[in-house]
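Colleague: Between the sequences and the hints, there should be enough to build the whole structure, so can you do that?
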Amino acid sequence: MASLLRSPLSFAAFDASSAEASSQFFWKPLEPPKIGNSSLNLVRTSNARLRIRGSVEEKHTPARKASKEPFRLTRKLTENERQVFEEEGQVLDPFQELEYRFERFKRKNYVENMVDYQNLAERQSPKFMVIACADSRVCPSNILGFQPGESFTVRNVANLVPPFQHGASETSAALEFAVNSLEVENILIVGHSRCGGIQALMSMKDNADSRSFIKDWVSIGKSARLSTKAAAGNLSFEMQCRHCEKESINGSLLNLLTYPWIEKRVSEGTLSLHGGYYDFIDCTFEKWTLVYREGLEGGSKYAIKNRALWS
Amino acid sequence: MSTAAVHCVAPLVGANKPKAAAAARPAGVLSSLNNSSGSKKKNASSAPSPSFPRLIRNSPVFATPTTATPAVEMEPVERVKSGFTDFKKEVYEKKTDLFADLKEGQSPKFMVFACADSRVCPSVVLNFQPGEAFTIRNIANMVPPYDQVKYAGVGAAIEYAVLHLKVENIMVIGHSRCGGIKGLMSIKDDGTTSTDFIEDWVKICLPARDKVKANYSSLPFEEQCTQCEKEAVNVSLHNLKTYPFVKDAVEKKSLKLIGAYYDFVNGVFETWED
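Sequence order for the protein chains is A and B. Its first residue numbered 1, the first sequence is counted upward by one per residue in our numbering. Its first residue numbered 312, the second sequence is counted upward by one per residue in our numbering.
Please note that the accuracy of each hint is not assured.
[Stated by the list, open to error] Derived BS3-like pairs: lysine-lysine, alpha-carbon spacing no greater than 27 Å straight-line:
| id | chain 1 | residue 1 | chain 2 | residue 2 |
| --- | --- | --- | --- | --- |
| 1 | A | Lys215 | B | Lys514 |
| 2 | B | Lys414 | A | Lys215 |
| 3 | A | Lys215 | B | Lys558 |
| 4 | A | Lys215 | B | Lys477 |
| 5 | A | Lys222 | B | Lys392 |
| 6 | B | Lys552 | A | Lys215 |
| 7 | A | Lys246 | B | Lys524 |
| 8 | A | Lys246 | B | Lys392 |
| 9 | B | Lys414 | A | Lys229 |
| 10 | B | Lys477 | B | Lys522 |
| 11 | A | Lys246 | B | Lys558 |
| 12 | A | Lys305 | B | Lys558 |
| 13 | B | Lys461 | A | Lys205 |
| 14 | A | Lys305 | B | Lys399 |
| 15 | B | Lys399 | A | Lys246 |
| 16 | A | Lys305 | A | Lys222 |
| 17 | B | Lys392 | B | Lys405 |
| 18 | A | Lys246 | A | Lys301 |
| 19 | B | Lys461 | A | Lys215 |
| 20 | B | Lys414 | A | Lys222 |
| 21 | A | Lys205 | A | Lys246 |
| 22 | B | Lys405 | A | Lys215 |
| 23 | B | Lys524 | B | Lys514 |
| 24 | B | Lys405 | A | Lys205 |
| 25 | B | Lys414 | B | Lys400 |
[Said to hold, decoys possible] According to the in silico footprint, chain B covers these stretches of chain A (three or more CB under 8 Å from chain B):
| id | segment |
| --- | --- |
| 26 | 108-117 |
| 27 | 221-229 |
| 28 | 243-257 |
Worth flagging that the hints you see were computed from the coordinates, not collected in a lab. Cβ coordinates follow ideal geometry from the N, Cα and C atoms, glycine included.
Modeller: Listed below in structure tokens is the structure:
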């Protein structure tokens with residue numbers, strides 16, 4: 001039963017180029033489950049404008065609302081139906097799947113921890129800010145088990161942090177909010193193996209002809225690429241990429257210190273900067289902490305401490 | 312017990328823990344527990360922040376009732392380490408086929424824009440498994456319009472997702488009590504800013520603010536913010552279509568744009584198609 005319920009959506013493991021895979025994913029929309037006496041009215045607002053609660057702008061059926069009470073009869077129905085569909089080899093349409101998952105979250109997490117969610121609704125006070133890659137395989141909540149309220153998480157291509165001088169970017173705005181408003185105590189940059197963004201950085205040719213967003217963005221990591229070529233230029237391309245993945249984390253950590261309000265807090269000791277590298281080839285996690293000695297010049301200003309490898 | 316229940320997990324603190332219940336501070340549960348622990352003090356910054364960073368997490372990481380295990384205080388690094396070792400043991404080593412495939416590449420069907428807010432991780436709320444969703448998280452889950460100079464970061468992500476990964480759905484998820492949207496709604500009408508980057512960023516959704524101020528001026532501020540949270544999702548969906556590769560894919564019907572709103576105050580998740 002558990003395996004039926006929790007088998008990931010089957011498409012995830014398929015090769016993107018497989019036509020069969022994509023056709024397996026989309027199905028005829030299912031009839032919404034009929035649920036007897038519940039407070040639920042099922043529908044999704046398709047092809048419709050924004051639904052403002054309480055107003056009737058266009059003809060629509062009410063959006064599904066979950067009450068605070070735990071589900072009883074309804075839970076059974078949904079799981080049974082899902083089981084039936086799984087047995088018949090059917091895959092749910094994306095909306096149905098999302099709806100099912102949200103109900104499950106609500107049942108198993110939200111309702112169980114109502115007090116905590118009520119507190120969280122008032123305010124968040126995470127101890128961590130995490131900067132991770134957008135890669136679907138490396139969500140920090142999955143691999144590091146962060147629960148709601150624990151980590152303010154920014155995800156971008158190749159977990160890069162542009163320097164302060166780079167100007168406006170979504171990452172800079174997030175840093176400002178996390179450090180100045182939320183006053184997080186730790187910033188953790190998490191890189192990972194087989195990163196497509198780093199691969200693009202390492203493959204970049206210097207001709208200005210073919211411009212792309214990806215090239216423009218990953219160029220932030222150019223210094224990591226240079227030091228990789230210098231240190232590991234004789235290794236295979238894959239090893240160079242691996243080296244660069246780690247170098248770019250350090251480059252981003254140093255870029256963090258170009259932000260005056262970050263540098264100030266690190267010097268005061270109220271903010272710590274950490275690097276992390278998740279290798280999903282052998283499932284290990286390497287972590288280290290940046291040491292910053294303000295006032296010293298040259299190489300001894302920065303150091304690494306507390307390096308550890310978890311495997 | 313299902314292993315993937317890791318994601319729908321044990322609470323931050325036990326519901327029957329007296330310290331949490333007694334917390335009258337405006338600060339969240341975590342810092343209230345930190346303060347009551349009375350550990351060594353740091354030099355105080357202006358805010359009354361807890362002395363020594365600690366995180367609370369129950370173990371084991373299953374969706375067991377909160378009464379089962381007491382909360383365990385942890386150092387930040389210890390916290391991260393235990394999260395990773397649990398993931399490795401309970402997820403990675405139990406789904407070897409999935410992870411073997413994922414080593415070779417990813418082929419997510421979803422691209423998700425979510426807020427960086429610690430309360431709204433889509434992997435937790437929608438239980439996205441590794442490999443399912445290419446996820447961008449930024450302040451207020453905004454998608455800026457196509458701009459090669461200013462917004463290369465978001466452009467790179469969309470470009471990669473649509474052209475290289477060939478995702479089939481892009482979902483933008485807004486949420487309740489969004490600090491970024493509140494910031495947007497609080498920007499002074501004369502346009503002066505007080506932050507280095509935040510206000511510039513949230514101004515992406517000024518059209519949402521304008522619409523809300525025009526149509527809902529009679530509502531109290533908090534409710535205007537709620538309307539703006541939803542309207543901003545629509546602005547982002549509209550901005551997505553200014554990227555030529557997105558527009559093409561939508562016209563060819565190989566890409567669907569989805570708006571969503573997660574209300575953690577009432578426990579509701581709404582979706583709509585663009």
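Colleague: Hint by hint, note whether the structure agrees.
Modeller: The hints, checked one at a time:
With a C-alpha separation of about 26 Å, the suggested pair lysine 215 of chain A and lysine 514 of chain B falls inside the 27 Å cut-off, and the hint holds. The suggested pairing of lysine 414 of chain B with lysine 215 of chain A holds, with an alpha-carbon distance near 24 Å, which does not exceed 27 Å. Of the supplied pair hints, the one linking lysine 215 of chain A and lysine 558 of chain B holds, its CA atoms being roughly 21 Å apart against a limit of 27 Å. For the proposed pair lysine 215 of chain A and lysine 477 of chain B, the alpha carbon gap of about 18 Å is at most 27 Å, so the pair holds.
A distance of roughly 30 Å separates the Cα atoms of lysine 222 of chain A and lysine 392 of chain B; the hinted pair therefore is violated under the 27 Å criterion. Of the pairs offered as hints, the one joining lysine 552 of chain B and lysine 215 of chain A holds, with about 21 Å between alpha carbons and a cut-off of 27 Å not exceeded. Under the criterion of a C-alpha separation no larger than 27 Å, the hint pairing lysine 246 of chain A with lysine 524 of chain B is inconsistent with the structure, at around 47 Å. Only pairs whose Cα atoms come within 27 Å are accepted, and lysine 246 of chain A paired with lysine 392 of chain B is accepted, the gap being roughly 19 Å.
Of the pairs offered as hints, the one joining lysine 414 of chain B and lysine 229 of chain A holds, with about 25 Å between alpha carbons and a cut-off of 27 Å not exceeded. Restraint check for lysine 477 of chain B and lysine 522 of chain B: the C-alpha separation of about 33 Å exceeds 27 Å, so the hint is violated. This hinted pair does not check out: lysine 246 of chain A and lysine 558 of chain B have alpha carbons roughly 36 Å apart, beyond 27 Å. Proposed proximity of lysine 305 of chain A and lysine 558 of chain B is contradicted: the alpha carbons are some 48 Å apart, above 27 Å.
Distance check on the hinted pair: lysine 461 of chain B and lysine 205 of chain A sit about 22 Å apart at the alpha-carbon level, within 27 Å; holds. In summary, the hint linking lysine 305 of chain A to lysine 399 of chain B is supported, as the alpha carbons are separated by about 24 Å, within the 27 Å threshold. About 21 Å separates the Cα atoms of lysine 399 of chain B and lysine 246 of chain A, which keeps this hinted pair within 27 Å; it holds. Taking the CA atoms of lysine 305 of chain A and lysine 222 of chain A, the gap is about 25 Å. The hint holds against a cut of 27 Å.
A C-alpha spacing of about 19 Å is found between lysine 392 of chain B and lysine 405 of chain B, which places the hinted pair at or below 27 Å, so the restraint holds. This hinted pair checks out: lysine 246 of chain A and lysine 301 of chain A have alpha carbons roughly 20 Å apart, not beyond 27 Å. Simply put, lysine 461 of chain B and lysine 215 of chain A have alpha-carbon atoms about 14 Å apart, close enough for the 27 Å limit, and the pair holds. Between the alpha carbons of lysine 414 of chain B and lysine 222 of chain A the distance comes to roughly 26 Å, so the proposed pair stays at or under 27 Å and holds.
Taking the CA atoms of lysine 205 of chain A and lysine 246 of chain A, the gap is about 21 Å. The hint holds against a cut of 27 Å. For the hint pairing lysine 405 of chain B with lysine 215 of chain A, the CA-to-CA distance comes to about 37 Å; that exceeds 27 Å, so the pair is violated. Straight-line distance between C-alpha atoms of lysine 524 of chain B and lysine 514 of chain B comes to about 15 Å, which keeps the hinted pair within the 27 Å bound. Annotation: proposed proximity of lysine 405 of chain B to lysine 205 of chain A is violated, straight-line Cα distance about 41 Å (limit 27 Å).
Between the alpha carbons of lysine 414 of chain B and lysine 400 of chain B the distance comes to roughly 18 Å, so the proposed pair stays at or under 27 Å and holds. As drawn, the segment 108-117 of chain A meets chain B at 10 residues by the rule of a beta-carbon pair under 8 Å; at three or more, the given contact holds. Only residues whose C-beta sits within less than 8 Å of a C-beta in chain B count toward coverage, and the segment 221-229 of chain A has 0 of them, not enough to reach three; the restraint is violated. Counting residues of the segment 243-257 of chain A whose C-beta sits closer than 8 Å to any C-beta of chain B gives 0, which falls short of three, so the coverage hint is violated.
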